[in-house]
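Visitor: Going line by line, the protein sequences match chains A and B. Going left to right, the first sequence walks through residues 1 to 471 as this note's numbering numbers them. Going left to right, the second sequence walks through residues 1001 to 1242 as this note's numbering numbers them.
Think of the hints as simulated: they come from the structure by calculation, not from any bench. Idealized CB from N, CA, C, for every residue including glycine. Fair warning: there could be bad hints in the mix.
[As the list claims (entries may be wrong)] Sample of chain B residues at the chain A side, in silico, Cβ under 10 Å: (1) C1011; (2) Q1015; (3) P1018; (4) L1022; (5) F1049; (6) G1176; (7) F1179; (8) M1190; (9) E1204.
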Amino acid sequence: MSQLSEEFLVAAAQKSADLTHRSTIKRNMDSYDTAVAKGQTRFADWEAARARSAQVKSEGIRNLASLLETFETKIIARGGHVYWAENSEDARQYICDVAQRNNVKTVVKSKSMVTEEIHLSPALEKLGMTVWETDLGELIVQLRKEPPYHIVTPAMHLTREQIRDLFLEKIPDDVHGETHQELVSAARRFLRRAFFSAEMGISGANFLVADAGMVAISTNEGNGRLTTSLPRIHVVVTGIEKVIPRLEDLGVLWPVLATTGTGQPITTYSTLIGGPKTADEIDGPEEFHVVLVDNGRTEVLADEAQQELLRCIRCGACLNKCPVYRQVGGHTYKSIYPGPIGSALMPIFDGVKEYGHLSYACSLCTACNSVCPVKIKLSDHLLENRRKYVAEGDARLSEKIGFAGFRWAAMSAKRFAFFGWAGRKVLRGALAIGLSPHALGPLATWTKYRAVAAVPKDSFRALWRKQNGTH
Amino acid sequence: MDKRVALFIPCFVDQMQPQIGLDTVTVLRRLGYKVEYPEDQTCCGQPGFNTGQWDAARPCAERFVKVFRDCEQIVCPSGSCTSMVRTHYPELLKDSTLRDEAVALGKRTFELSEFLVRIAGVSDVGAEFNHSVTYHPSCHATRELGIYEEPLTLLSRVKGLDLRLMKDASECCGFGGMFSTKFGMISSAMGETKVANIESTGAEYVTAVDPSCLMHLDGVLRFKNHTPKAIHIASILAQEAR
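Let the sequences and hints guide you as you build the complete structure.
Guide: Structure, rendered in C-alpha cells:
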C-alpha cells in the first residue's frame, strides 16, 4: 500500500465522520443540483447537446497534432509565442525564464488547474516573485495555504464566517464589513492593487480554438480579463487536450460548460484571446505566450481504451454528483484533480502504484457517467485502472490468494456449496457463543460500521432441494 | 407453450439471503411459470471483475455461460448481477470463444421486476402488503439497465401498500461490493445519508431490486437502531393477497 493510500484511508475516515463538513457540502451541492436542473431545461435537447459536445471534443483529440499546429501558426503570425512543454518541469522552467528575463516582481493568476498540476506558483515564489490568485475562491484557499477543494469552486467547503475571519486576519485593512457583498468588496480592493502592480498575468484556457487560433477563457468574476489584459506579459498555460476544431463549436461547448459547471446559461465573462496587443490597440499585453503542456497526456492518447478521458472539460459535474466526493470532500484525495475524473486520471498520470487506491475508492454507482457533459464513462476507466493495478502486481497478497481460492471454489458447485456451508457454520457458531463480530477477522471491516446480518442455517440451494427433491 | 424460466440466484443470496430466492420462486409460480434452478451455478464473477481480478472473474463468467446456455429465459432477483451478465460480460469475455454466446445470453437474462413487467406483461402480481414502503433505485439497475418504472409499477399495484418516494432517490446507498469493506467508513457515511432520506419519508420499509444494497442498508439501519426495515421487492410481492 502506498503512503498516499494510507493517508487517504485516515483522512477519509475523519471527513466521513465530520457531520459539519457533510452538511456544508450537502447545502452547496443541493443548490448546485437545483441550478443545473433548471439550466438543462434551457436546452431544447440536453442529451443532443451532450452528444454534440462529446463528438466535438473527440474530433479535437483524434486530430490533436494537426489542430494544435494550426492553432500555433495563427498565434505566431500575430506575434505570440507557443511553447510545447513535455512535462511539468519543462513548463515551469519556460515560464520562470520568461518571468526572469522580464524582471517580473508580481504575478497575477486567473484560475487554472494546469498551473496547479505543474506546481507553478511555488517555483515562481522561490525566485522571489509574489504570486496572487485572483479568482475569489482561489484567493481564499491561497490565503489559507490550502490546495483548491474543488476544480470549479475551490473554497466551497468554507462558510462566510470562516472567510470573514480569514480576511480579518490576512487583509484586515480591506475589510469594511461582514456581509457577503462586503467580503467580496474586500477581496476586490485587495486584488485591484495586485492587478495594477503585476508585470505578468498567467491564465489557463478552457478551449483552444484551432481554426481561429484563439484561446477561450471563461470566468465569472472578470478576473480573467484583468489578468490577461493589464500586465505587460500574458502567459496561457494549458493542457494539449483543450483544442477544438472550430470557432462555431463554442456555440455548444460554452453553454454546456456553463450549465454543468454552475447551472448558468453562459459564464459571465467569455473571452477569446489571439495574441499580444497590436499596433492600433490600446489594451493588452505586449508579450503573449501559450505553453502547451503534455505531462502524460500523449500517453493517455496512445491508450485507445482510455483516450476519451482527454475529452474532459473540467466542469466539475462528476465531483458534484459523486457520493464519495460528497462524503470525503476534495482535500482527502491529495491529488490535483479530485473526484471521479481525478481518480481516473491520476493513476495514469502518476502511476497506479501511487494513485491506484483512488480508482478503488468508488462504489461504481456510475452517477458520474450519467452527468458527464462529454459522456466519458468514468466508471469504466476506474475499472480499467483496477485491472492495471492487479496486472502490475500491486494488489495485496491476501486479496490475490483470496480470489485464487474463490475462483477454485467457484469452478465446482459442490465445492462452492461446501465452503459456503462451512463458512456459515463457523459464523453461526461464533455468534451463538457471543463472540464479538470484531473478533471475526476480515469480517470486522463490515461489522465495524454495520449490525451483523442474521446468518441462515440453510442456503437457497439446500432449501430448493428440500422443496423440489434432488435431481 | 409452457411458461418456463431458469433462476439465476446470486451467490450471496444463495448463502446469506435464501429467503429472497424462495420468494422469487413463489412470485413466478403464482404467475404460472415453471421454475428451474440450474444447480451447477455458482458466481457470475462480479466480485473479481470489480476488483480488477479479471483472471478470477473470467472463468466464472465462462462457466456461467455454459451453465445457462440452454435456458430460454433467465430471471435474477438482482439488478447488479443481471447487469454483470448483460453489460459487462461482452467486455470481460472479449477474447473468449464464448463472447457471442455471452452477448446473446445477456439479452435473455432479466432482473425480476424487469422480467415481470416488460416480458411477462404483468403489473399486478396478486400481492398484499399493508405497510408504507419507500423504493431505493439501486445504481446498476437504474443506470446500467434502465430499470426504474418497473418496480414502481409492481409496488403501486400491491394491495394495501403505501408507496412513498424519497429525496435524492438515485444516490448510491454506499454498498459497492468490496468497496464496502475496503472503505467501510465512506460506505457507511453514504449509507447514513441514504438512511436519512429513507427516514424522512416516514416509511416502515425500504425496498429495492438489489439484495446486496439491502444487506448493507439493513446493517446500517440496525447499527444505530433506526426504525425502517430493509426488504427485497420479491419478499413484498410474495405476500399473497387474501
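Visitor: Could you check if G1176 (chain B) really has its C-beta closer than 10 Å to a C-beta on chain A?
Guide: Because about 3 Å separates G1176 (chain B) from the closest Cβ in chain A, which is inside the 10 Å limit, the hint holds.
Visitor: Against chain A, run the beta carbon of Q1015 (chain B) and see if the smallest gap drops under 10 Å.
Guide: 4 Å, holds
Visitor: Do the numbers back the hint for P1018 (chain B), that is, is its least Cβ distance to chain A under 10 Å?
Guide: 4 Å, holds
Visitor: Hint check: is the beta carbon of E1204 (chain B) less than 10 Å from a beta carbon of chain A?
Guide: Because about 18 Å separates E1204 (chain B) from the closest Cβ in chain A, which is outside the 10 Å limit, the hint is violated.
Visitor: Using the nearest Cβ pair, does F1179 (chain B) come within less than 10 Å of chain A?
Guide: 5 Å, holds
Visitor: Given C1011 (chain B) was flagged as interface, is its beta-carbon under 10 Å from a beta-carbon of chain A?
Guide: 7 Å, holds
Visitor: Under 10 Å is the threshold here; is the Cβ of F1049 (chain B) close enough to any Cβ of chain A for the hint to stand?
Guide: 8 Å, holds
Visitor: Using the nearest Cβ pair, does L1022 (chain B) come within less than 10 Å of chain A?
Guide: Given a least distance of 6 Å, the restraint on L1022 (chain B) holds.
Visitor: Taking the least C-beta to C-beta distance, is M1190 (chain B) closer than 10 Å to chain A?
Guide: With Cβ-Cβ at 5 Å, under 10 Å, it holds.
Hint 9 alone, counting from the list given before, is not met by this structure.
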